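Turn these sequences into a full structure, and let the hints steer you where they fit.
Chains as they are written, first to last, in my numbering: chain V, 1 to 423; chain P, 1 to 289; chain H, 1 to 338.
Fair warning: there could be bad hints in the mix.
[As the list claims (entries may be wrong)] Think about it this way: if two alpha-carbon atoms lie no more than 30 Å apart in a straight line, the pair counts; the simulated DSSO-like pairs of lysine-lysine are: (1) V:Lys-232 <-> P:Lys-124; (2) V:Lys-392 <-> P:Lys-124; (3) V:Lys-292 <-> V:Lys-314; (4) V:Lys-227 <-> P:Lys-124; (5) P:Lys-124 <-> V:Lys-302.
Bear in mind the hints are in silico, worked out from the structure with no lab data behind them. Quick caveat: nothing in here was measured; it's all calculated off a predicted structure.
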Amino acid sequence: MTDSKVDRKTFLTTAAIASAGVATGFPTILRSSASAKDVIKIGLDYEYTGVYAAYAQSETRGALMAMDAWNARGGVMGGTRVTTVSEDNDNNPGIAVEKARKLVNVDKCAALMGSINSSVSLAVSGAANAMNILYIDSGGHADAVTGADCKYSTFRTCHSTWMETHATGFSLGKKFGKKWYLITPDYAFGHALDAGYRDVAKKIGATIVGDDLTPLGTTDFSPYLTKVLGAKPDLLLVLVQGDDFVNCLKQAHEFGLVGKIPIGGPQVELEAVWALPEAARVGFWGVEWYYKGANVLGTNNKLATNFVNEYRKKYHTPPTARSAFGYITMDRLLWGINQAKSTNAAKIAHALAGTKFQTIFEGTTYYRAADHQLMWPMWLGGIRAKGTPQDKYDVFDIVDRQEPDAIEQSVAEKAKVCKMVWP
Amino acid sequence: MAHIAPEIFNGLILGAFYAVVAIGLSLIMNLTGTINMAHGSFMTLAGYLAFALVGAGTNYWYALAIAPLMAVAVGILMERTMIRPLYRRDPVYSLLLTFGISLIAEEAFRLIWGPNGVPFSPPKGLGGGISLGFTVFPVYRLFIAGALVVIILALVIFLQHTRYGLRLRAAVQDREMISALGTNTQLLYMVNFGLGILIAGIAGVLAAGMLGLNPQSGNSLLMPAFVTVIVGGMGSLFGAIVGGLLIGLAISLTTLYIPAASEIAMYVIMAVVLLVRPRGLFGEEGIFG
Amino acid sequence: MKPIGIWGWVATAILFVLLLLAPQLAPRLHLALTICTDVLLFAIAAMAVNLLLGYTGVLPFGNAAFFGLGAYGAGLSIQNFHVGFITSLVIGTLAGVVGAVLIGPFLLRRRGIYFALLMIAFGQVFYFIAYRFTNITGGEDGMNFTRPPLEGLGIHLQDAGFYYAILLIFTLVVVGFWLLVRSPFGRTLVAIKQNEVRARYLGLNTDRFIFVALMISAAIEGLAGACYGLSIMFAYPLLLDWHQSGDIVLMTILGGAGTIFGPLVGAIIYVIGEDILSTALPWWQIPLGALFVACVLGFPKGLLGTALDLLPGRKNRIEPGHDLDFAAPIIADRETTR
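Set out below in structure tokens:
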């Protein structure tokens, strides 16, 4: 990670300055400095410590940029300023729930956003619902958030797992062929990815010649890789995540698999790619948003180019997909509050659901009324080992785009699992 | 069938890691009754130190030698200042202390080297693979296998055929007696602890190139090492080796054939061993005999 | 053990008045009431550890397995069978006991540090089960459920209502615990803790006593876990992990193992400290770890244990929590294992 040394304190300080001295952290000390009447507080419940810290940081930066933009325009609801209170949930659902309650009950936040870890998203979604507080899951991908566990008070900005597998499945199948081999982590997220790819395979007539379930904490992928070499598929789908993903690709390189068999998968975080050793910078992966390319940003999208330029100026790295999640989430949250002229969760939810808008990518989008999932496209990116000579961060070559309606389950499908209860 | 041979070999390498970590753990555990929950942290520490040394331009081989020694220095400092006062107390205290230290270490690694893994690759000479006819096998793994065998042999010779090793083993049997006979037991504790950390450190640097290096990576070897100690028999060098290899093999073979059982496999072995031989497979043969 | 004396009763009365007033006091201290609920929950969990560590002399470093089983037991019964509030707590409690019945026979084969080691390892099995059996437990995503209404009354306990329900449970556990450690059974446990070999020579089947203590401890732990599940309305695998065990053991030792209210003192410091620190510091795991170190090196008897020592006339009393040292644990293990 190029900027991982910027810890939470530093960026909170930056944020505090950025938002004109309004307190964003240390609520125990500064809580009483602004009464609830003249500001609206948004609670950020994020994994600021632990393996997801870098992603939480990117999302927070994006969110603060959106907040600053609203404040620069005079705030919401005819002149009310917006501020944030952020809490570290330690990547632990139990702590995240306590922090959500603290943000609402003690810090008097009007709405919540946050989380990288799906488990945390699900837990906070339930807790926010019990408090009748609007929550936008900015970055937890589990289908259940806008599926079986959907709530009237919960919206989700990032793509669902289903969208990730379908977008990449269609694109990769088109590009490389229809004989697939899967290396799947043997836990809930892996199973969801696996089911998604099997559904795509059925739809496009691909065959799955191998599907290995790797146990929790697998660091050694050699047994699977030797099997892959023997099976000679058109495409190896690597579904393992995080540090396991890095190990898997490094070992694929060691075993001489890279270059012989195309590699791809549902999604890879830009923050993670920057930290990858060159040996592991291979393959074609789902990209949820990228800071370059007409295919993503459009040709004349002022909002997007401004966002990218200002972000780079402020933080000295390009915005990532995580930054975009944070930006879109905060922007729409404030739009919803402004539109509803209220912080009542049901009123904001009614304002948000189904309303079309344009934001920092090409095309119009909306949070679907049936499940509160943001319906937006996904892209396929090939990784460049070294970035470009002009821009070392520019490691993705965006090669394909899939439209949302093709990659997410239909409203009719969703209606079978998602039963929203409104107050 | 072509998968089996490399998989058995991989399982043995993994098992040798467990064995080496388990020997370090049980050296410390047997002499002083300390369950060193920070053992994994020392592996990670040595890995990161080697990563930093290589990043600063040091040759990999020097890093492999120096980083574990630096970890030993930290370990001995910890033993002298914090663990030593606890030797006469219930072992729960040293367990809690080292658990606290592992929490501090993990966060410190995160602050210094970032929350995600860092790329630490073996040197060019150890990269690539060797064709074994039916499969390609990475050179680095062969190197690790050789290195672990050397470590284990060196330990066997040290503990069984040197004067110092003899004293260590005697002290485990009867601390008062060895002290009365004129051996400086405090020095013995310190050397013993340092030795445990040294082998953890070397294993940590070796593992970093194969299994990855992140703030939690050492801890992922800790639980299998605990199980190895129980299965092999506390205090048995031979038991730790056999136990480690057995568990490594069991994990890699179940991974290949019954992936659903691979996490539970070692616990099943542990349960069976406890039912049949509560003291572990080789637990009654004396201390590191 | 001697009766606690008049000042002990006064202190206990003050403590309970403060606990009763917590819903009024918490906002003034900028604390969420749910944090106070958590304090009580974890105090219950730490009492379960205390029974084994402070009064029986075995270290249950793996107790989170029972804690997590309690949370999953409550959650699964609510999700699948729509049971009420009290029933879900009972099922959570029983889930803890079942876990102890399953691993108890293995644990009893060893003593001393090896007991702790075995419990860490066997406890981890439950973690893997929760993680793997996605269809039932939701795997690493965890499982959402709602807090069910009280049986018969149909009342949904929230905020202060829920706090008082947990306070009632806490009080019942404290009273039960107090009676237990004063009973002949409790005294036998302390005798085993002080010298198991001697207890065995006296003809006691110490295995059976420790097994029963383990069952009771697991029941309390399961109850605490079920309460926690109902508090956060969520269950997830980390609840079963050995790090969770470490936290609960720390609370016990921090407050003072072998004292009735030590676990509560430990839970207050730990839970509220974590809440404040994690808001203020991005690297709050370091002070948390330092707390372990400081507690072990500075207050081995725990804060309450140390404070009680300072009271006049109590210096020379033999309290079960005050003699955690059994000098040669390994030797003890050799002699008790058959």
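Here's how the hints hold up against the structure:
1. Simply put, Lys-232 (chain V) and Lys-124 (chain P) have alpha-carbon atoms about 28 Å apart, close enough for the 30 Å limit, and the pair holds.
2. A threshold of 30 Å between alpha carbons decides the hint, and for Lys-392 (chain V) with Lys-124 (chain P) the separation of about 24 Å falls inside it, so the pair holds.
3. About 18 Å separates the Cα atoms of Lys-292 (chain V) and Lys-314 (chain V), which keeps this hinted pair within 30 Å; it holds.
4. Restraint check: the Cα-Cα separation between Lys-227 (chain V) and Lys-124 (chain P) comes to about 26 Å, which is no more than 30 Å; the hinted pair holds.
5. Taken as a hint, the Lys-124 (chain P) and Lys-302 (chain V) pair is broken in the structure, with Cα atoms around 47 Å apart against an allowance of 30 Å.
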